[in-house]
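Asker: Chains as they are written, first to last, in this note's numbering: chain A, 516 to 789; chain B, 10 to 314.
Because the hints were derived from the structure by calculation, they are not lab data.
Cβ coordinates follow ideal geometry from the N, Cα and C atoms, glycine included.
Worth double-checking, as some hints may not be accurate.
[Unchecked claim] Distance ranges between label pairs, derived from CB positions:
#1 B/Ile167 with A/Arg774: 15 to 23 angstroms
#2 A/Ala702 with B/Leu232: 51 to 59 angstroms
#3 B/Leu34 with A/Asp675: 53 to 61 angstroms
#4 B/Pro60 with A/Arg774: 56 to 64 angstroms
#5 B/Leu77 with A/Ala702: 30 to 38 angstroms
#6 B/Leu96 with A/Arg780: 51 to 59 angstroms
#7 A/Asp577 with B/Leu77: 53 to 61 angstroms
#8 B/Ala26 with A/Leu770: 15 to 23 angstroms
#9 A/Ser552 with B/Arg76: 55 to 63 angstroms
#10 A/Val695 with B/Arg18: 20 to 28 angstroms
#11 A/Leu539 with B/Pro124: 19 to 27 angstroms
#12 B/Val296 with A/Glu551: 52 to 60 angstroms
[As the list claims (entries may be wrong)] If you want a taste of the chain B side facing chain A, the calculated C-beta under 7 angstroms gives, among others:
#13 Pro39
#14 Ala111
#15 Phe139
#16 Trp140
#17 Thr141
#18 Met206
#19 Phe225
[Stated by the list, open to error] Computed list of chain A residues with no C-beta within reach of chain B, every gap over 10 angstroms:
#20 Ala559
#21 Gln571
#22 Ala687
#23 Asp718
#24 Thr732
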Amino acid sequence: MSARDGLSPFGVTALTLGFAFLYLPIVILVIFSFNESRLVTVWAGFSTRWYVALFQNQQIIDAAMVTLRVALLSSTIATILGTLAGLALARFARFRGRTLFTGMIYAPLVMPEVITGLSLLLLFVSLDWDRGYWTVTLAHATFSMAYVAVIVQSRLVGFDRSLEEAAMDLGAPPLKTFLVVTLPLIAPALLAGWLLAFTLSLDDLVIASFTSGPGATTLPMRIYSQVRLGVTPEINAISTILIAIVAVGVSLATLTQKRQLVRRRREEALARRA
Amino acid sequence: MNGESRAERRRRRLVVAVPYLWLALFFLAPFLIVLKLSFAEVVLARPPYTPLIELLDEAGSLYLQVRLNIGNYLLLFSDDLYLRSYLNSLRIALVSTAITLAIGYPMAYAMARAPERARALLLMLVILPFWTSFLIRVYAWIGILKNEGLLNAALTGIGLIDEPLVILNTDWGVYIGIVYSYLPFMVLPLYASLEKMDLTLLEAAADLGSPPWKSFWSVTVPLSLPGILAGCLLVFIPAMGEFVIPDLLGGSETVMIGKTLWAEFFNNRDWPLASAIAVILLLLLVVPIVLFQRQQAARGSEFGK
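The whole structure should be built from the sequences, with the hints applied where relevant.
Answerer: Here it is, written out as structure tokens:
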């Protein structure tokens, strides 16, 4: 059999088992959020009572609002800072302290969260900042900007610079060139980066636990404290809602990106013919 | 011309300076504070630690007193709990990385050899769980793994076992949790290196009479080494400091260093000791983190070509 024959039975088995492993737990979690019974292992009929209970749970709603505000603001800050960092990494081959800079971009990607959380908390304490909404937002912006930077960088290195040069040759000042030519071209990367930063913030338990204060309990912190008391269908329900939001968001982002890709290919083809 | 390049320089400096200063303040400086605090002593106060440097006025003479407490580090190396936490984390992270590689490699291999039309979909299927909440995905396993959970119900149902398997609150729960959570991080770099592999090399090997398994070991595996390294580092480094998985799926016996750090900080309010734990953990991770950065930087410049 040649290597080009496509999927072997072995490959099909590996993928089936692999994806079953990745998806079954999530599917089971979603199914049992609609369970009539409080037991999460015995099916007792379809019900939406846990969703109703959820919307009457003021603590969960408050936590969701805090999380949403933190995620919206931190992902926006992370996108701005991460875009600048990605530009610096992709475009400026040499500047003073570049090694340190690259280190500070890549390290947060793998840094254990307990270390990041503890170190940021100690910073806020030394600066005598009150812990709460703002400190969590700053912490989230810091660790997610690294992800945005990497996404923007990889988009920029595969980027045709002749378009920018053409704009400059036609007399566009650098800032205008950036806004009119570069930014629209890297926009899909910015959107992907923003979405990733948003979900990272939505998801984070450890760093938020360290850097948050009274009155700024995030949704993962609330979920975690309930999970420690046991598995309940209410948590399955809130999990299902979060999964649905992410699934819709990611599909939308993928679709827009794909549509843009198709349009760009068509335009390129037209340009070549012309 | 000269003026323009000066403006250009100023603009470039600004692009670099803003993220640079931000990271210096919120990423680098905090580590120095952790290092500093690991030499402090815990006290009942707010904040709960002693200053390292104090200006003392004793009988009219001024003293600048620097007190470095090395007791935290001595404790880490003498108390069994901390040594056990570090060694356990190392063992669990290594074993989970190996299992993740064993599951991830066949998946990535199959994806890379799948028809081109299917690849984008398969890729998205691998990435999607990564976007869903980590906490929720770990939580999902509790209902499956516990003694009266779904896995045991299914296994007893088909008559495979009589007694429920005890998986939750053991090391096995932690292995399953880590492998499950980090599998996409392993598959993606593996796929990237396997996908761009030149398949004619395998054909050449086959033409020269090499059996498929031999070509696999002597051609495919060596060529995918960068992917293997990246994937293993992406799993191993965060797994070493993992807190949520051992806390929710592991038992009281499963001490891992992330959990110990958390307990010292939140339960015992011993910030200096928690800082010392973090410093040693970071020292253990310096080599893998630098390896990871080297590789990422190399990949970045490779794209540029």
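Asker: Next, verify each hint and record whether it holds.
Answerer: Going through the hints against the structure:
For the hinted restraint 15 to 23 angstroms between B/Ile167 and A/Arg774, the CB-CB distance of approximately 47 angstroms leaves it violated. As the Cβ distance of A/Ala702 to B/Leu232 is approximately 35 angstroms, the hint placing it in 51 to 59 angstroms is violated. Roughly 35 angstroms separates the CB atoms of B/Leu34 and A/Asp675, a value that falls outside the hinted 53 to 61 angstroms. About 59 angstroms separates the C-beta atoms of B/Pro60 and A/Arg774, a value consistent with the hinted range of 56 to 64 angstroms.
Checked against the hint of 30 to 38 angstroms, the pair B/Leu77 and A/Ala702 fails, with Cβ atoms roughly 52 angstroms apart. In this structure, B/Leu96 and A/Arg780 meet the distance hint of 51 to 59 angstroms, their C-beta atoms being roughly 54 angstroms apart. Separated by about 44 angstroms at the C-beta atoms, A/Asp577 and B/Leu77 break the suggested range of 53 to 61 angstroms. Separation of B/Ala26 from A/Leu770 is about 37 angstroms and departs from the stated range, judged on CB atoms against 15 to 23 angstroms.
Here the CB-CB span from A/Ser552 to B/Arg76 is close to 60 angstroms, well matched to the stated 55 to 63 angstroms. The given range of 20 to 28 angstroms is respected by A/Val695 and B/Arg18, whose C-beta atoms sit roughly 22 angstroms from each other. Under the hint 19 to 27 angstroms, the C-beta atoms of A/Leu539 and B/Pro124, about 25 angstroms apart, fit the expected range. A hinted range of 52 to 60 angstroms for the beta carbons of B/Val296 and A/Glu551 is consistent with their spacing of about 53 angstroms.
Nearest Cβ of chain A to the Cβ of B/Pro39: about 3 angstroms, under the 7 angstroms cut. The hint holds. Given the 7 angstroms rule on beta carbons, the hint for B/Ala111 is violated: about 11 angstroms separates it from the nearest Cβ of chain A. For B/Phe139, the shortest C-beta to C-beta distance to chain A is roughly 9 angstroms, which exceeds 7 angstroms, and the interface hint is violated. The criterion of a C-beta within 7 angstroms of any C-beta in chain A is met by B/Trp140, whose closest approach is roughly 5 angstroms, and the hint holds.
The closest approach between the C-beta of B/Thr141 and any C-beta of chain A is roughly 5 angstroms, which is under the 7 angstroms cut-off, so the hint is satisfied. Interface restraint check for B/Met206: the shortest CB-CB distance to chain A comes to about 9 angstroms, outside 7 angstroms, so the restraint is violated. Evaluation of the B/Phe225 hint against chain A yields a violated restraint, the C-beta minimum of about 10 angstroms exceeding 7 angstroms. For A/Ala559, the non-interface assignment is confirmed: its Cβ lies about 14 angstroms from the closest Cβ of chain B, beyond the 10 angstroms cut-off.
Look at A/Gln571: its CB is around 21 angstroms from the nearest CB on chain B, clear of 10 angstroms, so calling it non-interface holds up. For A/Ala687, the condition that its CB be more than 10 angstroms from all CB atoms of chain B holds, with the nearest at approximately 13 angstroms. Listed as outside the interface, A/Asp718 is inconsistent with that label: its C-beta sits roughly 5 angstroms from the nearest C-beta of chain B, within the 10 angstroms cut-off. Distance to chain B confirms A/Thr732 as a non-interface residue, since its nearest Cβ pair spans about 14 angstroms, more than 10 angstroms.
Going down the numbered hints, you'll see the structure goes against 1, 2, 3, 5, 7, 8, 14, 15, 18, 19, 23, while the others check out.
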